[in-house]
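Colleague: Once you have looked at the hints, place chain B on chain A.
These protein sequences, in sequence, are chains A and B. Using the numbering used here, read the first sequence as starting at 1 and increasing by one per residue. Using the numbering used here, read the second sequence as starting at 1 and increasing by one per residue.
Be aware that one or more of the hints could be misleading.
Listed below are the simulated BS3-like cross-link pairs for lysine-lysine, each with C-alpha atoms no more than 25 Å apart in a straight line [claimed, not checked]:
no., chain 1, residue 1, chain 2, residue 2
1, B, Lys30, A, Lys365
2, A, Lys243, A, Lys213
3, A, Lys404, B, Lys155
4, B, Lys173, A, Lys365
5, A, Lys365, B, Lys155
Where chain B lies over chain A, by a calculated footprint (3+ residues, C-beta under 8 Å) [to be verified]:
no., stretch
6, 8-22
7, 96-110
8, 325-337
9, 375-385
To spell it out: a stretch of chain A is covered by chain B in this simulated footprint if at least three of its residues, at any positions, have a beta carbon under 8 Å from a beta carbon of chain B; those stretches are [claimed, not checked]:
no., stretch
10, 42-56
11, 302-313
What the hints contain is simulated information worked out from the structure, not anything from laboratory work. Yeah, the Cβ is synthetic: ideal placement off N, Cα and C, and Gly gets one too.
2 protein chains.
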Amino acid sequence: MAIQVSTPKGTRDFGPAEMNRRNYIFNTIKEVFHAYGFSQIETPAMENLSTLLGKYGNEGDKLLFKILNSGDFTSKISQDDLASQNYIGITNNISEKGLRYDLTVPFARFVVQHRNDIVFPFKRYQIQPVWRADKPQKGRYREFYQCDVDIIGSKSLLNEFELIQIIDNVFAKLGISVTLKINNRKILSGIAEAIGEADKFVAITVAIDKIDKIGLEKVEDELRANGLSDDAIAKLRPILTNKGNTDETFQLIESVIGNTETGKAGIEEMNVIFGYVKAHKLGINVELDLSLARGLNYYTGAIFEVKANDVEIGSICGGGRYDNLTGIFGLKDVSGVGVSFGADRIYDVMTQLDLFPKQTDEYSKALFVNFGQAEECACIEIAGKLRNQGISCEIFPEKSKLDKQFKYADSHNIPYVIIIGENEVCNKTATIKDMATGKQTSIPQDEIINFIK
Amino acid sequence: MAIQVSTPKGTRDFGPAEMNRRNYIFNTIKEVFHAYGFSQIETPAMENLSTLLGKYGNEGDKLLFKILNSGDFTSKISQDDLASQNYIGITNNISEKGLRYDLTVPFARFVVQHRNDIVFPFKRYQIQPVWRADKPQKGRYREFYQCDVDIIGSKSLLNEFELIQIIDNVFAKLGISVTLKINNRKILSGIAEAIGEADKFVAITVAIDKIDKIGLEKVEDELRANGLSDDAIAKLRPILTNKGNTDETFQLIESVIGNTETGKAGIEEMNVIFGYVKAHKLGINVELDLSLARGLNYYTGAIFEVKANDVEIGSICGGGRYDNLTGIFGLKDVSGVGVSFGADRIYDVMTQLDLFPKQTDEYSKALFVNFGQAEECACIEIAGKLRNQGISCEIFPEKSKLDKQFKYADSHNIPYVIIIGENEVCNKTATIKDMATGKQTSIPQDEIINFIK
Chain A
1 MAIQVSTPKG TRDFGPAEMN RRNYIFNTIK EVFHAYGFSQ IETPAMENLS TLLGKYGNEG
61 DKLLFKILNS GDFTSKISQD DLASQNYIGI TNNISEKGLR YDLTVPFARF VVQHRNDIVF
121 PFKRYQIQPV WRADKPQKGR YREFYQCDVD IIGSKSLLNE FELIQIIDNV FAKLGISVTL
181 KINNRKILSG IAEAIGEADK FVAITVAIDK IDKIGLEKVE DELRANGLSD DAIAKLRPIL
241 TNKGNTDETF QLIESVIGNT ETGKAGIEEM NVIFGYVKAH KLGINVELDL SLARGLNYYT
301 GAIFEVKAND VEIGSICGGG RYDNLTGIFG LKDVSGVGVS FGADRIYDVM TQLDLFPKQT
361 DEYSKALFVN FGQAEECACI EIAGKLRNQG ISCEIFPEKS KLDKQFKYAD SHNIPYVIII
421 GENEVCNKTA TIKDMATGKQ TSIPQDEIIN FIK
Chain B
1 MAIQVSTPKG TRDFGPAEMN RRNYIFNTIK EVFHAYGFSQ IETPAMENLS TLLGKYGNEG
61 DKLLFKILNS GDFTSKISQD DLASQNYIGI TNNISEKGLR YDLTVPFARF VVQHRNDIVF
121 PFKRYQIQPV WRADKPQKGR YREFYQCDVD IIGSKSLLNE FELIQIIDNV FAKLGISVTL
181 KINNRKILSG IAEAIGEADK FVAITVAIDK IDKIGLEKVE DELRANGLSD DAIAKLRPIL
241 TNKGNTDETF QLIESVIGNT ETGKAGIEEM NVIFGYVKAH KLGINVELDL SLARGLNYYT
301 GAIFEVKAND VEIGSICGGG RYDNLTGIFG LKDVSGVGVS FGADRIYDVM TQLDLFPKQT
361 DEYSKALFVN FGQAEECACI EIAGKLRNQG ISCEIFPEKS KLDKQFKYAD SHNIPYVIII
421 GENEVCNKTA TIKDMATGKQ TSIPQDEIIN FIK
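Okay, chain A solo, but in the shape it has when bound:
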């Protein structure tokens, strides 16, 4: 009797069908990254805890998976800590490494560690799993892939536009209709400044971010609870209720924040970025959206968020400009900009809209039925020729009942079954069954390649 085995809570196996579809997504994204000259890096799953701790806030520190030191660690556990249930203190003494929580901090560590070998601007992408000790729930896993692309060491806004082009290309290739929303942290700062509440910047952006979900009234309640004056809230109202298109929104912010220095800088940046967008043809909608805030506080300039037009699922890609990412490791003034593609959500959108090409679910193009030694020998030769022509194929490994062999072909979506029995060996022919139509055709063996191609 097989015993009950499972993956740890919140983690998943990916079987052949899921892997084919995931690879289709990753390969499409990689192809676009390569077209723009980005190169891949990988960092270790484990980082020193000194690299990770303090980078994601207190909550994040708790969500790090920590790895127990090897060997006898008992002398590192103090009676005092044990008595006072100071498990964080004990953890720090018996664990030096943790699993990476995202790809951003390891990337910053990579840039700082290898800064003397890197010729900037550095265009890198990275596709690797990350781990978070979050409570697992639908759509939230403890292990999931991130897919990050960044240009670091250049302040040029052409980089922002290049990422917009990449987003455009990726979703065009995947067949997902999307809208790209852009905002700018400097505009958000300018707004806070213009309404006389510069010190409440974070509370204001958090509230703005919720407008779509909870509505104007509750946002205003929240702002009031955070100590904003009625006057400031009144000034903010046109921003909160703005439904204008990009040109109208530009006019609105010009009038509200055109006098603040940060605001002006933000408007100027967005003018350049939207200048690129207008001058060069894109397939996606690009909108200036003042309600876009994005949580991470290391962003300093443009911020991006992509939503699927036909599925309600939240953002499927997002990112922004950060002026000081490597500052956490003491390397100042290395500005960068990047976005991250959400592979799991893209997978869900494509499944829901049935966007995966049919071939994604295929493994081999052809299965050779196995009738025994003599027939198998002929099949091995022909299979070799097919493979040389780039046609994947398999020989059923043993002489089994025909229906078992056909069932195998069927369950693996193999489109052609090639039958070479005694007669066919003699006549140098093959009978090919098209599994979709059920039609059988007898042809000379040396025409199999053309038939299948």
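Modeller: For chain B alone, coordinates are given in the frame of chain A:
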């Protein structure tokens, strides 16, 4: 000032150049796997410790990286365990998960967990990192990739031959000249039985395995120390000193073990396998090597080992037949056979023999020099066309000194630099510099694609 940051001991970053080369190896291997109809799976980095413990021996258990349970674990640490330095007992109470040690046990767990969804024979490959808390040293890492390919649920020896073909194809594509050595656990058992020391099977195989390294005399000393009689050792001597070719070796074992039941079965299997090898043309040498033992004791039939002919580096691929892998999880009688490619060693062999194609070190095909806004605008349009034709290219993101831009192209092995300045924008021409020869050519902009292709 940047602070000192590093990857944890025994782990590595892979930068763009290494990733290109590693991807070249993995993509080549994957291409061959796909040609034979294998499909990819992935399992989580973490497994429950109940899945991992006891599968790799006591030494292996110690080398597992264990993950600390989240939250307050202090109540799980008993005073008694602490006082007696029972760190293994404490570990079992405060850690439930570990990082995978290899891909074999997770694969067995996968097969058992998903047995009702799998249509056997199951042909899978898996390329993922594994982690071992080994003492790091040259060529031995705490995180490294394994690349396993297995057929499970079929006893047919055609599977063994298919793996031989895969090995042949992979190393032909990579350009590495190799020798494949094959032996059979049943032959080794037969030998132990034939010399009257069946119960010393393990000691005998361990000793045989060392013959190349320590020589006949020391192997015989070791056998004697393990309690083998002089008579048994004398009977074993022809095996130990055998230098015959495959046919001669077949004759030798026939004469030594042809009377034992297990031995006979082993010879029969090897006859079938070498029958395939002789009937179908292969590019690699395939040898029957009686001194091949391989350490892992779950092998039950054929065992394989591949060595590079031109570099001394140990085995670069190996594996074998196992009749009861899923037995560790209670699922009996699922026979399988598989091999594992050693990516790190293959990388070293290819680097040493300079076997990576030149294109492996390229990122983009072309760099557009940036002269400012008007020129950039023309470059964006042309770059888009190049990318549509599958030509990777980049625009330097900002107007910088020319030598900085050329240095960038040079350090990234970009073969063509495209110069579109004021004049070129006007005339719709481009000056292309071939970075290898230094030659500059002026051509109409709409001929750039053909020029580079």
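Colleague: Take the hints in turn and mark each one as holding or not.
Modeller: The hints, checked one at a time:
1. For the given pair, Lys30(B) sits about 16 Å from Lys365(A) by alpha-carbon distance, which is consistent with the 25 Å threshold.
2. Between Lys243(A) and Lys213(A) the CA atoms are separated by roughly 15 Å; this keeps the pair inside 25 Å, and the hint holds.
3. For the given pair, Lys404(A) sits about 16 Å from Lys155(B) by alpha-carbon distance, which is consistent with the 25 Å threshold.
4. Of the supplied pair hints, the one linking Lys173(B) and Lys365(A) holds, its CA atoms being roughly 22 Å apart against a limit of 25 Å.
5. A distance of roughly 24 Å separates the Cα atoms of Lys365(A) and Lys155(B); the hinted pair therefore holds under the 25 Å criterion.
6. Counting residues of the stretch 8-22 of chain A whose beta carbon lies closer than 8 Å to any beta carbon of chain B gives 9, which reaches the threshold of three, so the coverage claim holds.
7. Closer than 8 Å: that is the beta-carbon criterion, and the stretch 96-110 of chain A has 5 residues meeting it against chain B, so the requirement of 3 holds.
8. For the stretch 325-337 of chain A, the assignment as covered by chain B holds, since 4 residues bring a beta-carbon within under 8 Å of that chain's beta-carbons and 3 suffice.
9. Remark: the stretch 375-385 of chain A is confirmed as covered by chain B, as 5 of its residues place a Cβ nearer than 8 Å to a Cβ of that chain, reaching the required three.
10. Against chain B, the stretch 42-56 of chain A contributes 8 residues with a C-beta closer than 8 Å to a partner C-beta. That satisfies the three-residue criterion, and the hint holds.
11. Here's how the stretch 302-313 of chain A fares: 0 of its residues keep a CB closer than 8 Å to some CB of chain B, so the rule of at least three is not met and the hint is violated.
Of the hints listed earlier, the one the structure fails to meet is number 11.
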